[in-house]
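Peer 1: One-letter residues, chain by chain:
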Amino acid sequence: MYNTRVRGVLIKGNKSYSQVTKDILEPLYAPKAPTWWKISAFVATVALLLGAWAIYVTISTGIGTWGLNNNVAWGWAIINFVWWIGIGHAGTAFSIFLLIVRQKWRTSINRAAEAMTIFAVMAAGLFPLIHMGRIWDGFFIFPYWNTRGPLWDNFNSPLFWDVTAISTYLTASFLFWYVGMIPDFAIIREQAASKLRRKIYGILSFGWLGNAKGWLRFETAALLMGGMAAPLVVSVHSIVSMDFSVSVIPGWHTTIFPPYFVIGAIFSGFGMVLTLTIIMRKLYKFNDYITDGHLDAVARILTFISLIMGTAYLTELFMAWYSGSEYELFTFMKNRVTGDYTFAYWTMLTCNAIIPQLFWFKKIRKNITAVFIISIFINIGMWFERYVIVVTSLSKDFLPSGWAMYKPTFIEISIYIGTLGLFVLGVLLFFRYVPMIAIHEVKHVLKETSTDPSFAENNSEKH
Amino acid sequence: MDKKLQLSGKFKTAMFVLIAIGIVTVVVGLIQNPVRMWANLLLNNFYFFSLAIGAAFWLAIQAITQSGWSAGLLRIPQAMSNYLIVSMILWALMFFGVHDLYPWTHADAVAHDELLQHKHPYLNLTFFAVRYVVFFLLWIYLTQRIRKLSLEEDKHGGLTYFYKIEFLSKVFIFVFAITFSLFTVDWLMSLDPHWYSTIFPMKYFMSSFYHGSVIITAIVVILWKQGYLPFVNKSHFHDLSRYIFALGIIWAYLWFSQYLLIWYANIPEETIYFVPRTLSYFKFFFYAEVVVNWLFPFLFLMWNRIAKNPNALLFTAVVLSIGHWIELYMTIFPDTVDKHYIGWQEIGTQLGFWGLFALVVGWSLSKMPLIPKNHPYINESLHHHV
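Residue numbers (the working numbering), protein chains in the order written: chain U, 152 to 614; chain H, 144 to 529.
Looking at chain U on its own, in the form it has when it is part of the complex (with noise of 0.2 Å):
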């Protein structure tokens, strides 16, 4: 029933289910990992050990090493703890969302999107646990028996809250991805030539055999962890903007933030999805895998989610505004708008809300660079409007004579690249030790969009 003819054709190529296991495992099974992956793997490396340096220097020495003030408490590591989870928050938000809404064009590219999520995540833990100052402290934040009077472990604090949902997300992120690629691990079993090859994939898929029963547990399974982890993505992102909401802080207090903050989470993730995907098929010639028909679709989404968020900013102005508070309308008119930090909101603004309205145009959602490059500018504006957010209603707040601006430290911009280093390193070694693409799940929507004239019978145009 699949109206192949209006949908477009998912994978290209007519491919049979043995060519799309030979396409896909063939970067994994090349001898040698090619140059520009070594290449890209040092340099992540190199700024994987700024970081790590960085990282230690704050440790060792203190949070003095950054730029907050007695104003500007969060700096740098909040902005790109936020940004980081928001990236986060594609792979889940893609697979489980789309999941659910049947979207078949989702198989291509999920893998990849919740990879990313765990590296993304991984990132973002990282903030939090080094802006406690005294990490060796660090402990203090699970609930265990509370020996320390009443002062600690506090459940009315977002920041725990915080913990508890994102540790959730995590495993369950880990858990849906890993168990989507048993199938495939199981495949490259099957093929390994060398001993020890089969002997670790053997151990991955857990035995994996391919029965009836086994499939119908394993979709159920898929089925049900997806339901479950859709209210996780959500809460997650809800989570971390009551940090800001729950406070009395102009700008940081108003009751859209847990919606804003997910659509923002997935507008950026579905952003860095764009990135890579577009990098992962150019470089693995992927382009009968994830089509322009692919791209086509995220561009699309993206310019639905930029509208939101276009609606979402004039909102907030517009409420500012309308509320008549003044200290609302100094934050958004003269703080943000205006002053000191224009740069950074008309950043965001045309970023977020602008530049992807040039996907209205069919043919720059059909240049791949074009889409590239605004994929790029999405990923720097959701930057931006986490520094709005988090720098301008700090630096001014009721108190003039506290006003005081934030500039980051090297150090602080060390540890941020030190967590992109681990990101592209993730991806790499993603990229070269697991297949990027879910063979199983390509091959089960192959033969509803396949021209191929043995799968002809089961298309559409009989009925």
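Hints were generated in silico from the structure; no laboratory data involved. From a predicted model like this one, the values you see are computed outputs, not experimental measurements. Where is the CB? At the ideal position from N, CA and C, for every residue including glycine. Just so you know, not all the hints are guaranteed correct.
To be verified - In silico DSSO-like links for lysine-lysine, alpha-carbon gap of 27 Å or less:
#: 1; chain 1: H; residue 1: Lys313; chain 2: U; residue 2: Lys517
#: 2; chain 1: U; residue 1: Lys173; chain 2: U; residue 2: Lys255
#: 3; chain 1: U; residue 1: Lys255; chain 2: H; residue 2: Lys451
#: 4; chain 1: U; residue 1: Lys255; chain 2: H; residue 2: Lys377
#: 5; chain 1: U; residue 1: Lys364; chain 2: H; residue 2: Lys451
#: 6; chain 1: H; residue 1: Lys516; chain 2: H; residue 2: Lys377
#: 7; chain 1: U; residue 1: Lys514; chain 2: H; residue 2: Lys313
#: 8; chain 1: H; residue 1: Lys516; chain 2: U; residue 2: Lys255
#: 9; chain 1: H; residue 1: Lys377; chain 2: U; residue 2: Lys364
#: 10; chain 1: H; residue 1: Lys307; chain 2: U; residue 2: Lys255
#: 11; chain 1: U; residue 1: Lys189; chain 2: U; residue 2: Lys346
#: 12; chain 1: U; residue 1: Lys517; chain 2: H; residue 2: Lys307
#: 13; chain 1: H; residue 1: Lys307; chain 2: H; residue 2: Lys147
#: 14; chain 1: U; residue 1: Lys513; chain 2: H; residue 2: Lys307
#: 15; chain 1: U; residue 1: Lys433; chain 2: U; residue 2: Lys166
#: 16; chain 1: U; residue 1: Lys513; chain 2: H; residue 2: Lys313
#: 17; chain 1: H; residue 1: Lys377; chain 2: U; residue 2: Lys598
#: 18; chain 1: U; residue 1: Lys517; chain 2: U; residue 2: Lys436
#: 19; chain 1: H; residue 1: Lys377; chain 2: H; residue 2: Lys451
#: 20; chain 1: U; residue 1: Lys514; chain 2: H; residue 2: Lys307
#: 21; chain 1: H; residue 1: Lys451; chain 2: H; residue 2: Lys368
#: 22; chain 1: H; residue 1: Lys291; chain 2: U; residue 2: Lys513
#: 23; chain 1: U; residue 1: Lys189; chain 2: U; residue 2: Lys436
#: 24; chain 1: U; residue 1: Lys255; chain 2: H; residue 2: Lys313
As the list claims (entries may be wrong) - Quick partial rundown of chain H residues pointing at chain U, CB under 10 Å, derived from the structure:
#: 25; residue: Ile207
#: 26; residue: Gly211
#: 27; residue: Ile316
#: 28; residue: Leu325
#: 29; residue: Tyr339
#: 30; residue: Thr341
#: 31; residue: Ile393
#: 32; residue: Leu403
#: 33; residue: Ala408
#: 34; residue: Glu413
#: 35; residue: Val529
Start from chain U and add chain H according to the hints.
Peer 2: Quick look at chain H alone, frame taken from chain U:
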């Protein structure tokens, strides 16, 4: 396939009786207690307007997501969005009651209130009326255009109409998001002109999508029971109930976000909204709103067999229509009437509006072929199986 809906004489008579009850109630109510009746009229106007526009949004979502399963059901939201025309006319009556409902329309109140003066450039009757006219015309134009294109598609076929509808749906969603937000601020939030909450428009936006989907489901079930939609099977019912289930959760999420953040920050200007709602005679309905609109469908539809059962879905729709009423009651009454009333006025007005809405939707449905013919995905819908 070309079968059209036949409205039975009994149905028409029953609906006219309901409308007559409504008219009598409104007239007597306006004489006895005008504030209460105007609050009722606002409630019901908003109630059915949001069903119609929510259905239009549902339709637009089907178009932009290129959904195949729902292609056979598109006439129902198209018919529902026809009510917008009637709604615009009825809404014009509201201007006779604005002084009873909106404190900012009183010149002397504005003169003594700095905040209202600040808001005057937005909250003044002229601009208020202009917005009402512009918004309604935009909505009616776009929904009618989409409906006409869909009917043209039936006659001529081809993909051009399909792509045109898709494009118009995008435009509609964009226009709708902004205009509906402002419309909610105008007619619901400004009942208490001092209070504000940024999530407020979004909550009603979601509520209209939610309850619009509920009524679409109910109409599908009713038509199916009459034998009009023979292709509808358990998979369609399941998909419809998934909409209700998911939107119920999202609605609750927005409700909770608003309440939690205001409660937590405890800023007097904001918490004042919840004072009459949680501490006085409205308390029961404050909790009822969440229980009926979220907890009930959440628990009830979680069970797979219930979710596919048309009778259970019809029951859910009845309960959620009450939920929709409670939601708007809790929005409007504490700010205007400030007294907990549920009597013949409330019931009579609601019945009258139901009669009118059912008549408009039924009549619109009878005027077009019930199942779209040349929709490119119609086969995906006629043979829908999950």
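Peer 1: What are the numbers of the hints the structure violates, in ascending order?
Peer 2: When the structure is compared with the hints, none of them turns out to be violated.
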